[in-house]
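Student: Sequence:
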Amino acid sequence: MPEQTEKPEKKAREGKAVALSVRLTPVGTSDQPVSANHTTVSVAQGIAYLDFGFIEPAMLAGLARIAREGKAMPEKLEGKLVVRVAMGLDVLQRLDQQLQQVLVGLRGAKTAKQ
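Every position in the sequence shown, counted from 1, becomes a number in the numbering used here once 45 is added.
Calculated directly from the structure, the hints in this document are not laboratory data. Keep in mind that the hints are not guaranteed to be accurate.
DEER-style ranges, computed between Cβ atoms [unchecked claim]: (1) K155 <-> A117: 20 to 26 Å; (2) G91 <-> K155: 33 to 39 Å; (3) S75 <-> A106: 29 to 35 Å; (4) T156 <-> D96: 40 to 46 Å; (5) P71 <-> L95: 37 to 43 Å; (6) K121 <-> A81: 36 to 42 Å.
Cβ coordinates follow ideal geometry from the N, Cα and C atoms, glycine included.
Let the sequences and hints guide you as you build the complete structure.
Tutor: Structural data, given as structure tokens:
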């Protein structure tokens, strides 16, 4: 019996996910990685806003020391906004799926090392 394969156009019409290879071309310095150690996500009017920030590691270490000593924590903390990414909720859902796949892979690698 011959193998049956569906064309991507038919799958797309039926609402099925279609895997495509996408190549992104950098603009300016967009291909240079930035360092972030803080993230926040907010949603407004159907758009998710992902803020990636950087807080000085020495400041974070100082906060940990203050907490251990039982001293009063500062009311606010200053950091730098590295980048803000706006995306539709469908893209946010795909990002979540990709992150889950990465985390599952990392858990598998950690288990294999033990």
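Student: Can you list which hints this structure breaks, lowest number first?
Tutor: Failing hints, ascending: 1, 4, 5, 6.
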